[in-house]
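> Given next are the chains, with one letter for each unit.
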Amino acid sequence: MLRLREVSYRYAGYARPVLHDVSLDLASGEIVGLVGPNEAGKSTLCLVASGLAPGSIGGELTGGGLEIDGAPMAGQPLHELATRVGIGFQNPATQLSGVAGSVFEEVALGPMNLGLPARETVARTRAALATLRIEDLAERAPRRLSGGQGQLVVLASLLAMRPPHLILDEPTAQLDPDGTRSVGEALRRLAASGAGLLIAEHKTDLLAELCDRVVVLDGGRLVAAGPAARILSDPTLAGYGVEPPTAVRLERALAARGLDAAVVRQ
Amino acid sequence: MIRLTLERVGFVYPDGTRALDGVDLQVQPGEAVAIIGQNGSGKSTLVRHLDGLLRPTEGRVLHDGLDTRSVRTAVMARAVGIVFQDPDRQIFSRRIRDEVAFGPRILGRSRERVTAAVAEALEIVGLSDVADQNPYDIGTSRRKLLALASILAMETPVVVLDEPTTGQDARGVARVTAVVETLRDAGRTVIAISHDMRFVAETFERVVVLRQGRVVLDGSPGEVFAEPAWPTLKATFVEPPLPARLGARLGLGSTPTEKALVEALAARGGPATPVR
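So the sequence lines, in the order shown, correspond to chains G and Z. Residue numbers 0 to 265, in numbering that gives the first Met the number 0, belong to the letters of the first sequence in order. Residue numbers 0 to 275, in numbering that gives the first Met the number 0, belong to the letters of the second sequence in order.
FYI, nobody ran anything at the bench for these hints, they're computed from the structure. Hints are not guaranteed to be accurate.
To be clear about the criterion: a stretch of chain Z counts as covered by chain G if any three or more of its residues have a C-beta under 8 Å from a C-beta of chain G, and this derived list gives those stretches [said to hold, decoys possible]:
1. 133–143
2. 186–200
Simulated restraints, written as ranges between beta carbons of each label pair [claimed, not checked]:
3. Z/W229 <-> G/R143: 41 to 49 Å
4. Z/W229 <-> G/T61: 52 to 60 Å
5. G/V121 <-> Z/R77: 46 to 54 Å
6. Z/D136 <-> G/G74: 25 to 33 Å
7. G/D68 <-> Z/R77: 54 to 62 Å
8. Z/E226 <-> G/A11: 50 to 58 Å
9. Z/A234 <-> G/R4: 44 to 52 Å
10. G/A122 <-> Z/R88: 49 to 57 Å
11. G/R125 <-> Z/R244: 31 to 39 Å
12. G/G74 <-> Z/Y135: 26 to 34 Å
Non-contacting residues of chain Z with respect to chain G, defined by C-beta distances greater than 12 Å in every case (computed) [said to hold, decoys possible]:
13. I1
14. T4
15. K42
16. S43
17. G58
18. L65
19. R104
20. E119
21. R170
22. A177
23. K233
24. K258
Heads up, the beta-carbon is just placed ideally off N, CA and C, and yes, glycines get one too.
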């Protein structure tokens, strides 16, 4: 269980906090979607939930804190933190290590740095590449990848570390629909194996398929939380700059014209 | 106004990766074209040929019939502006206003024209109120709009957008859509790479589908997302938008957009019953 308790956070050099009193539980095996308008604080929440803020990037928790499995994470060294929670940044270019000559080495870096034996590292690397169906990229130079391929490689690196909690900031932003589907399947499998996942996404179609719960962040505060189906079809969602899933939009458009909306659900 | 022509264009990266393979494509002045296809299908490589960032290893790229092999990249950049996927690769100024002014300034435009172009570009992407802030004090999504503004300010006849809606919330997508419509109304050519099928179907009059560096479909959204094209789409791992799938199942013909689907259902009248 990863738990944020009434967290308020401000970046170094800024007077005003970006997050206000955010409380969020991420249970084992659960997938929680995080939605909200641009600049609501979603990426910041991801950094705080992964312990990188304030731990690595500075700034200050002006209230509350992060707990994982009952233990406070404040002051935990990065290598401890990395065994408990992983994070995937929005932009793969900022996450690829730049030191690996091939995608295979890139993905192997994570498990290797966890101190796993070589045999286990290789097995996990192969499995992660297979899960995302990118075995054919194994020998490619990470610098030469397209945006979407880079995103899949970053995800493979995270999967190879098998973190008990995983925080993902727009993991499919640069992916084609097929890549998005692969990622969806991989995340569902990861959750089924007991990991707790928090996913910040604009693609509500994906969240509708994937998530148990969805939380809405606006102006740094959680303004709604609940079962995915209920939150994603809530009429107030659009007011937060969140596009409802296609099916919800279509149902509304049909109903507005007095047409039977049941056709969408078949 | 400029007509872009690609003649049997092939491109192989120095490491041997083939990204384009015999691409034939002509884009008329004022067209709005979306390029779709799987990750790694050559979309980004293709558009980098339009402004000379990459030169074809086979075939030719023509600007108004002129082979661009003899044209310097700096000259091609006056005709074609590209907004990249990742804004942080093209932003370097400390003030948003200066970032947007950089392009038209190096093109040698008069001070008045630069000022006017900057104001207009910031207005259309909705960043006027933060013009004096540092680009890194606004979020990534607005930095993407800033990158868009800095290309708009160069007033190139052709504007290329690489994944413009990525990371944008509903309002951001509406902004980008409005930018495309404004450019089209002004007679400028817009070419966009996108995985966002709703944006593609609703905003563009022509859709080009790439697969492994080849053009496999080229037509209106109605044609490209129509049922007969599905096997080709499937082979390129592109899924038609939900309204297109529903429309086909209900026997309504090709309805690539939500609007088209609702209109078709309303026109048919009566309860909607799937035909299969």
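> Could you run down the list of hints and mark each one as holding or not?
We went through each hint and held it up to the structure:
Closer than 8 Å: that is the beta-carbon criterion, and the region 133–143 of chain Z has 5 residues meeting it against chain G, so the requirement of 3 holds. Requiring three or more residues with a Cβ within less than 8 Å of a Cβ of chain G, the coverage given for the region 186–200 of chain Z holds, as 3 such residues are present. For Z/W229 and G/R143, the hinted distance range of 41 to 49 Å is not satisfied, since their beta carbons lie about 32 Å from each other. About 54 Å separates the C-beta atoms of Z/W229 and G/T61, a value consistent with the hinted range of 52 to 60 Å.
Distance hint for G/V121 and Z/R77: a CB-CB separation of about 51 Å, consistent with the stated range 46 to 54 Å. Taken as a hint, the range 25 to 33 Å holds for the pair Z/D136 and G/G74, whose Cβ atoms sit roughly 29 Å apart. Remark: the range hint 54 to 62 Å for G/D68 to Z/R77 is upheld by a beta-carbon distance near 59 Å. As the Cβ distance of Z/E226 to G/A11 is approximately 56 Å, the hint placing it in 50 to 58 Å holds.
Checked against the given bound of 44 to 52 Å, the beta carbons of Z/A234 and G/R4, roughly 50 Å apart, stay inside it. As the Cβ distance of G/A122 to Z/R88 is approximately 36 Å, the hint placing it in 49 to 57 Å is violated. A beta carbon spacing of about 35 Å between G/R125 and Z/R244 agrees with the range 31 to 39 Å that was offered as a hint. Between G/G74 and Z/Y135 the Cβ separation comes to about 28 Å, which falls inside the hinted range of 26 to 34 Å.
Residue placement check: Z/I1 keeps its beta carbon more than 12 Å from all beta carbons of chain G (closest about 27 Å). Residue placement check: Z/T4 keeps its beta carbon more than 12 Å from all beta carbons of chain G (closest about 25 Å). Interface exclusion of Z/K42 from chain G breaks down, the closest Cβ pair being 8 Å apart, not more than 12 Å. With a closest Cβ-Cβ approach of about 6 Å to chain G, Z/S43 is found to fall inside the 12 Å limit, against its non-interface label.
The Cβ of Z/G58 lies farther than 12 Å from every Cβ of chain G, with a closest approach of about 21 Å, so its non-interface assignment holds. The beta carbon of Z/L65 sits about 30 Å from the closest Cβ of chain G, which is more than 12 Å, so the claim that it is off the interface holds. At roughly 28 Å, the least C-beta separation between Z/R104 and chain G is larger than 12 Å, which holds for a residue marked as non-interface. With a least CB separation of 22 Å from chain G, Z/E119 remains clear of the 12 Å interface cut-off, as annotated.
The claim that Z/R170 lies off the interface is violated: its Cβ sits roughly 5 Å from the closest Cβ of chain G, which falls inside the 12 Å cut-off. The claim that Z/A177 is not at the interface with chain G holds, since no C-beta of that chain comes within 12 Å of its own (minimum 15 Å). Not every CB of chain G is more than 12 Å from the CB of Z/K233 (nearest about 10 Å), against its label as outside the interface. At roughly 8 Å, the least C-beta separation between Z/K258 and chain G is not larger than 12 Å, which violates its mark as non-interface.
Hints 3, 10, 15, 16, 21, 23, 24 from the earlier list are contradicted by this structure; the remaining hints agree with it.
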